[in-house]
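S.K.: Below are the chains, spelled out letter by letter.
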Amino acid sequence: MTIEQTGSQIVIAATFFLIPTLGEMVTERSGILNLGIEGMVISGAAGSFAAAHITGNLWIGAFVGALVGGLLALIHAIVTVTFNRNQVVSGISLTILGTGLSSILGLGLIGVPIVPFGPIAIPGLSAIPIIGPIFFDKNMLVYFSYVMVPALWFILFKTRYGIMIRSVGENPMAAYTQGVDVVRIRYLSVIFGGMMAGLGGAYLTLAWIPMWVEGITTARGWIVIALVVVGLWHPVGAFVGSYIFGAFDVLRYAFQPLGVPTAFLNMLPSISTILFLVIWGVLLNLQKVKSIVGAPSSLCVPFETE
Amino acid sequence: MNLESFGTSLTRLKTMVERGFGYLKRKLWPFEITFRKRSSKLTFEQSIRTRILALLLGLAVVAVIFLAYGINPLVLYLDIFRVAFFTRYGIIETLSRFIPLLLVAIGLAIPFRAKIDNIGAEGQLIVGAIAATGVAFSLQHLPSGILIPIMFLAGFAAGALWALPIAIFRVKSQFKGSDVVISFLLFFPALYLVEYLVTGPWQDPAGWGFPQSPLIPESARIPLFPTTRVHLTIILAVGLTLLIHQYLVRTKDGITETKLGYEINVMGENPEAGEAMGMSFLKVAIITVLLSGGLAGLAGVSEVAGNPNLYRLRMEISTGLGFTGIAVAWLGGLNPIGVIVSSLFFAGLLAGGVEIQSAGLPFGVVNLFNGAILFFVLVTEFFLRHTAEWRLRRDN
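In the order they appear, the protein sequences are chains A and B.
Convert by adding 85 to the 1-based position in the first sequence; the result is the number in my numbering.
Quick note on numbering: my numbering labels position 386 of the second sequence as 367, and the sequence is numbered without any gaps.
Hints are computed from structural coordinates only; laboratory data are not their basis.
Quick caveat, the model's predicted, so the values are computed rather than measured.
Backbone N, C-alpha and C define an ideal beta-carbon position, used for all residues, glycine too.
Be a bit skeptical, because a hint or two may be false.
Computed footprint of chain A on chain B; a stretch qualifies when at least three of its residues, placed anywhere within it, have a C-beta under 8 Å from a C-beta of chain A [as the list claims (entries may be wrong)]:
#1 199 to 209
#2 216 to 225
Selected chain B positions facing chain A (in silico; Cβ < 8 Å) [to be verified]:
#3 L36
#4 L38
#5 L48
#6 F66
#7 F67
#8 G71
#9 I100
#10 G158
#11 I163
#12 F165
#13 P170
#14 Y177
#15 K233
#16 T300
#17 I307
#18 A308
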């Protein structure tokens, strides 16, 4: 396999991690932990595939994927923001519910073919040797993920909305007394996270693996939650983390000729995630490191005005 | 057009959009809701009523989805109920699902009470099954009376060990949710370890290449009740549940009677107060998580050594009981007696689930029930502790 082919596969795998990770990052920045990523991704994948199959239009499919993710996230927002219930349990219910929803949305679609998003070469940039074919000869959703990284950085750190989101995640009471509508900011952030997760699912079934089978995500949604931590709640970090895990996803097959059983290769993504969390867990315990990373202080802390 | 006038028109556009949204909100949602905390604590009767309400609401929401797919939910629900509890096949199948489900759910209820979220029971169940199979083959010359207890001990130890990282991460880690993620991710190494074993070193040489181990020796099989396929582990499961009720949950005058049970409750309600009183969260976390993983491991043993459909190690050992157990534990109110009842309900749902398939839906749809019921348990609890006041908006 040439370096261009390997690089291409890494970009394609990494985009699937990157889109939901950016969404979850915004959700967590506003102080809400959504463990339901897996449920939203897989429902988005099934819903977008069904919509694209029925209408024959991939863009409608992608939109429906984002819609399904957003609606599921709305449930999480109602339960955790309005009713102040346990965010962890609500997220777990969302994962279970989304998994069930995906099997009913994907009813009768197993084995149905679809024409996926095709690559569009960007004139000029795609002519650069090596980098061009790897990064600039991809489908529109991959370009969307490139654009979202600087866009979210700008929104989070340079605009009023970004400051509101981050202050709500740091200290909701202080933000509330300053006149910020904490409930509204949290609702919007959670729904945005859900839409990105649903879009990530749409990317899976409409661009990467153009088909539907139950459990198509192979629980990659859980890795997204770890990636937010690995990326230190920063869009650029999320980008770097997603590409590292995309590389893991692709390169594990390089070990196959060495005689390592496939079962062990399949363990690699989850074990590397656990190792990352262990290393980060140790590092983040150091006060010096803690002060420079963006971990939202009020993550998972319910907010009540009375 | 200069930059300034462009800025003004942008601001104007923004006000217009905001006004539009405000108008829509007033028309579509003309209420103001305020929530107030109730002063009194939950009574036993109220908490049962909420659970039943949550269950019915969950079933109702799933019914709407079924209706959208042209399936009559009432007929389907009655069919599931009839098959699960009123046919000989169904009752036996329900009880055979009840055993591992109860072991998993009661195990999960313990750390949940201390707000430690172990969602990796599926992985702990699998390693328990692996340990039991290993013991069954390596010590097969031992008589049943010794071999089976050793298998249970090994399964408990393996499950507990698999769960241990959760406690450490829950207490020592600086970021929320990492313990939950790790508890889930540990499921994959366990699952692929089974795949490796049943396609490699433990593969049945006489099994035509099927990915499964040989049948475990007769001496390692848990005895069945005569003329049924229900094994004696049911006594162990119910007995352990009652023991846990006795030693960790039972209250007298509203306060848990044992020291450990009290510590678990305090750590769940108010960890800062607990630490100030000299309790160690790490100790509580380790004990609850070890018990939880160990009980899930026992469920794995009971599947390998008790389920006549298996009696061997296979990939199919993982049927999602570990995830269903989460909904079971919460529906049971994290109370052992409640968990027995909700285990029976979910076991019936799994046993009657064949009816879902014969209605033309994939079996994964069962997850809809789990998820929806879990959500409504969360929401209905809120309304027990709060009152809601609905008012029409004044500005309407």
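S.K.: Look at each hint and say if it fits the structure.
M.R.: Against the structure, the hints come out as follows:
Residues of the region 199 to 209 of chain B with a Cβ under 8 Å from some Cβ of chain A number 0, which does not satisfy the need for three, so the listed coverage is violated. Counting residues of the region 216 to 225 of chain B whose beta-carbon sits less than 8 Å from any beta-carbon of chain A gives 0, not enough to reach three: the coverage restraint is violated. Proximity of B/L36 to chain A is violated relative to the hint, the smallest CB-CB distance being about 14 Å (cut-off 8 Å). Restraint check, B/L38 versus chain A: the minimum CB separation of about 13 Å is more than 8 Å; hint violated.
Look at B/L48: its Cβ only gets to about 12 Å from chain A, farther than 8 Å, so that hint breaks. At about 23 Å, the closest approach between the beta carbon of B/F66 and any beta carbon in chain A exceeds 8 Å, and the interface hint on this residue is violated. For B/F67, the suggested interface contact is broken, since its CB lies about 26 Å from the closest CB of chain A, more than 8 Å. This hint is violated: B/G71 has a C-beta 22 Å from the nearest C-beta of chain A, more than the 8 Å allowed.
Look at B/I100: its Cβ gets to within about 6 Å of chain A, closer than 8 Å, so that hint holds up. Look at B/G158: its Cβ gets to within about 5 Å of chain A, closer than 8 Å, so that hint holds up. The interface hint given for B/I163 is met, as the beta carbon of that residue sits about 6 Å from the closest beta carbon of chain A, less than 8 Å. Interface restraint check: B/F165 against chain A, minimum CB-CB distance 5 Å, threshold 8 Å, status holds.
Checking B/P170 against chain A: minimum C-beta separation of about 5 Å stays under 8 Å; hint holds. For B/Y177, the suggested interface contact is upheld, since its CB lies about 4 Å from the closest CB of chain A, less than 8 Å. With 8 Å as the threshold, the beta carbon of B/K233 stays out of range of chain A, its nearest partner Cβ sitting at about 27 Å, so the hint is violated. Given hint, B/T300 at the interface with chain A, is violated; its Cβ is 13 Å from that chain's nearest Cβ, farther than 8 Å.
Residue-level restraint check for B/I307 holds (minimum Cβ-Cβ distance to chain A is 6 Å; threshold 8 Å). Interface hint at B/A308: satisfied, since its Cβ lies 7 Å from the closest Cβ of chain A, which is below the 8 Å cut-off.
When each numbered hint is compared with the structure, violations occur for hints 1, 2, 3, 4, 5, 6, 7, 8, 15, 16.
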